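Residue numbers (my numbering), protein chains in the order written: chain A, 107 to 183; chain B, 8 to 155.
Honestly, the hints are just simulated from the structure, not real lab data.
Do not take every clue at face value.
Unchecked claim - Straight-line C-alpha distance at most 20 angstroms; calculated PhoX-like pairs for lysine-lysine:
1. LYS118(A) - LYS108(A)
2. LYS92(B) - LYS116(A)
3. LYS118(A) - LYS132(B)
4. LYS116(A) - LYS132(B)
5. LYS132(B) - LYS32(B)
6. LYS108(A) - LYS163(A)
On a predicted model such as this, the values are computed, not experimentally measured, just so you know.
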Amino acid sequence: MKVMLFAGLKEKTGEGRIQLDTPSSLTAGELKQEIYMQYPSLEGDVFQIACNESFVKDDHIVDENDEVALIPPVSGG
Amino acid sequence: MMKQFEVVEDPIDIHQYHEFAINEKQGAVCMFTGHVREWTKGTRTVHLEYEAYRPMAERKLAQIGEEISERWPGVITAIAHRIGKLEISDIAVVIVTSAPHRKDSYRANEYAIERIKEIVPIWKKEIWEDGAEWMGDQRQYHPDLEEK
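Kindly generate the complete structure, drawing on both the sequences and the hints.
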């Protein structure tokens with residue numbers, strides 16, 4: 107599954123887009139666990155999952171064809 | 008040509024958003040501009056960098072406009088947020104809210120900036136003389152999620 111990263115998460119991993127080894131669909135909560143396991147440098151970082159430009163809850167099913175992004179706490183304005 | 012809700016890289020020309028919100032029904036226009044501040048709690052900022060998840064950010068700005076229309080019918084909203092490198096006193100965001108009467112335009116305008124700080128995927132990096140850091144909302148969550 108391809109996942110987009112922004113701001114501090116992007117800087118930490120050095121990548122704006124990462125490729126995760128996951129089933130073709132899983133819950134957003136499971137995806138978070140996979141991210142922390144496959145990218146230990148992100149441990150302790152807080153983020154929400156966005157699917158197709160909308161925030162989703164942990165029980166939302168994420169599909170590999172979705173546009174998936176990690177959204178750290180925002181600071182616009 | 009400006010869009011009603013947009014993320015831009017160039018300096019913001021506030022007048023076009025102001026113009027956009029005016030029509031024969033509107034008797035009041037409230038315009039807020041947010042600027043890069045040099046001093047925050049004793050620390051000097053050299054400059055700022057903003058980054059956005061651009062399509063989602065514009066979608067969320069439009070959502071704020073819809074929320075405002077539900078709460079204050081008749082209000083017209085236009086919002087632009089700049090990204091990239093910004094210098095001290097540059098305009099980071101402009102919010103224009105117009106209404107038939109002034110009270111709704113003031114209320115809607117404050118609502119918009121509060122919502123931007125909650126749900127719009129834009130991030131600010133503060134660059135100081137001796138370091139830099141990506142800033143995050145201290146609440147560390149997106150209130151958007153709790154409303155669904």
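Tested hints:
1. LYS118(A) - LYS108(A): At roughly 17 angstroms apart (the allowed maximum being 20 angstroms), LYS108(A) and LYS118(A) satisfy the hint.
2. LYS92(B) - LYS116(A): With Cα atoms ~17 angstroms apart, LYS92(B) and LYS116(A) stay inside 20 angstroms; holds.
3. LYS118(A) - LYS132(B): holds (14 angstroms)
4. LYS116(A) - LYS132(B): holds (12 angstroms)
5. LYS132(B) - LYS32(B): Violated: LYS132(B) and LYS32(B) sit about 40 angstroms apart, past 20 angstroms.
6. LYS108(A) - LYS163(A): OK: LYS108(A) and LYS163(A) at ~19 angstroms, within 20 angstroms.
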